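Enquirer: In order, the protein sequences belong to chains D and L. Take the first sequence: its letters are residues 21 to 298, numbered as in the working numbering. Take the second sequence: its letters are residues 21 to 298, numbered as in the working numbering.
Since the hints were made in silico from the structure, they are not lab data. A couple of the hints might just be wrong.
As the list makes no split between identical chains, a pair holds if one copy fits it or if it spans any two.
What the hints assert, rightly or not - Lysine-lysine pairs mimicking DSSO-like chemistry, simulated, CA-CA at most 27 Å apart: (1) Lys136 - Lys97; (2) Lys149 - Lys263; (3) Lys199 - Lys226.
This structure is a prediction, so every number in the text was calculated from the model and none was measured.
There are 2 protein chains.
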Amino acid sequence: MNLWLTEFQTDNLGLTARITETLFSGRSEFQDVAVVDSLEFGRMLVLDGVFQTSIFDEFVYHEMIAHVPLATHPNPKTVLVIGGGDGGTIREVVKHQSVELAEMVEIDGMVVDVCKQFLPEISAALIQKHPKLSLKIGDGIQHMKEAENKYDVIIVDCSDPIGPGEGLFTHAFYQDVHKALKEDGLFVQQTDSPLYHHPLIKRLTKDIRSLFPITRTYLAHIPIYPGGMHCFTIGSKQYDPLKVDAVTRSDFADNRYFNQEIFKSCFALPNFVKEFLK
Amino acid sequence: MNLWLTEFQTDNLGLTARITETLFSGRSEFQDVAVVDSLEFGRMLVLDGVFQTSIFDEFVYHEMIAHVPLATHPNPKTVLVIGGGDGGTIREVVKHQSVELAEMVEIDGMVVDVCKQFLPEISAALIQKHPKLSLKIGDGIQHMKEAENKYDVIIVDCSDPIGPGEGLFTHAFYQDVHKALKEDGLFVQQTDSPLYHHPLIKRLTKDIRSLFPITRTYLAHIPIYPGGMHCFTIGSKQYDPLKVDAVTRSDFADNRYFNQEIFKSCFALPNFVKEFLK
Chain D
21 MNLWLTEFQT DNLGLTARIT ETLFSGRSEF QDVAVVDSLE FGRMLVLDGV
71 FQTSIFDEFV YHEMIAHVPL ATHPNPKTVL VIGGGDGGTI REVVKHQSVE
121 LAEMVEIDGM VVDVCKQFLP EISAALIQKH PKLSLKIGDG IQHMKEAENK
171 YDVIIVDCSD PIGPGEGLFT HAFYQDVHKA LKEDGLFVQQ TDSPLYHHPL
221 IKRLTKDIRS LFPITRTYLA HIPIYPGGMH CFTIGSKQYD PLKVDAVTRS
271 DFADNRYFNQ EIFKSCFALP NFVKEFLK
Chain L
21 MNLWLTEFQT DNLGLTARIT ETLFSGRSEF QDVAVVDSLE FGRMLVLDGV
71 FQTSIFDEFV YHEMIAHVPL ATHPNPKTVL VIGGGDGGTI REVVKHQSVE
121 LAEMVEIDGM VVDVCKQFLP EISAALIQKH PKLSLKIGDG IQHMKEAENK
171 YDVIIVDCSD PIGPGEGLFT HAFYQDVHKA LKEDGLFVQQ TDSPLYHHPL
221 IKRLTKDIRS LFPITRTYLA HIPIYPGGMH CFTIGSKQYD PLKVDAVTRS
271 DFADNRYFNQ EIFKSCFALP NFVKEFLK
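Just chain D, same shape as in the assembly (with noise of 0.2 Å):
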């Protein structure tokens, strides 16, 4: 069988990879869901249609959206994420040795299950239960608003801004982050692709320039995500990324994409996109 699945990126873009198996395909409370596997990528999430992840490119997703954020804070201890079902955000995140507790709000349980089951290589420290987890299936949104002055470090490591991730874009969220933030905190979010979302960028960049003192955009290369060029966008109470000296704290032995370089040039952006940041 010549069985392709295509994710449509925008209207008039799909990006269509050659499929051997679906493994996992249903219908959760808040979308579908679904696991195959595909000779390019090997096995992916899929949600709503949209590639999520994949066993072939996910260190580049998990290393950039943990290790920057971890590595310019200089002793994170409480971190949260929200989302990042899938695991392998927290799985980075307890690497880091400073850290204590790695808490994890995923709205979607059975995104945690499935991945639990057909993604093992991603969801290592959700099923080995690691000891510096804490995972609450609930509401990223409800867990923000209540939450005060408790951590060093946020990832909102969300879907696209339609569906269940569509209140992580917005300037209330953005407020709520701010108070659960201790006063030195800084937070990061998968910010979408320059290329194909700047619009969205552009708002959230000012929503988040309005509350945060220090608000700084990088950049990675995520061949399954919109023109393979991906967003990401700290908010910073006190540290700033581009006045880190060293990272070698983040220099794990098994990282595939991040580095020391790699730290300090992701924030390099190209003129088109400093232009639309203005």
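Chain L: place on chain D using the hints.
Expert: Below, chain L alone, put in the same frame as chain D:
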């Protein structure tokens, strides 16, 4: 009509773009040549079914293949572009004040003619017959055999190493490039995707290292190329891009990608790339 053009970037992966019109489709002596209008990428040049360049993203490739080597050489006067039939690279080369002669040797006259007709934004320097430009329709490999100690910078702006570009990825060709360069000359070549073509990149890097004391790899985000992560390789007899302090000469007001920080940061390689380049 719901018309989509799919480039199969590998046997198991395709990028598909919605097309509104085919403006040109022909067969040259060397390859299939087509120009289409797409909704996502605007007008595109397609050779042998492979997306070559588009109005949407051409600035990334052309600025990065031209300004990085020309910013590395302190005083490039005589520059050769091999390939680059769309004219985008030469358009960037002639902007450099130091450049007195910009030669271009393109094997396929049909590509030049078609781009001048349908992609005038890209082929501007060809259309206006820029005073620095000398265009030859001919074989770049043969041209290299005949040139000696002539060029400050050579830019190999080729298509993939199948079809007419094949001979541009060989040790014999790099030997001729070395001979054609002045004693402090350097060259650059587009060298495909580190995600999908690493055996090729590994091999050609070894070849270039065997001839040039300084060999450097750099990256750019190019959404129409596989994975959006694209590689360029520099072979240099004397000047090391990692030791260049300021490249303000290349900070043209109309740059949309290249700037000082991009120049510094594009040489930062993820661990998985470093690994296969060892």
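Enquirer: The structure should be examined with respect to each hint, and the outcome stated for every one.
Expert: Consistency of the hints with the structure:
1. For the identical chains of this complex, lysine 136 and lysine 97 are intra-copy neighbours only, at 26 Å inside a copy versus 60 Å across copies, given an alpha-carbon limit of 27 Å.
2. In this homomeric assembly, lysine 149 and lysine 263 never come within 27 Å of each other (Cα to Cα): the closest approach is 35 Å inside a single copy and 47 Å across copies.
3. Taking identical chains as interchangeable, the C-alpha atoms of lysine 199 and lysine 226 lie at most 27 Å apart only when both belong to the same chain, with a minimum of 18 Å there against 53 Å between chains.
Hint violations for this structure: number 2 only, all remaining hints satisfied.
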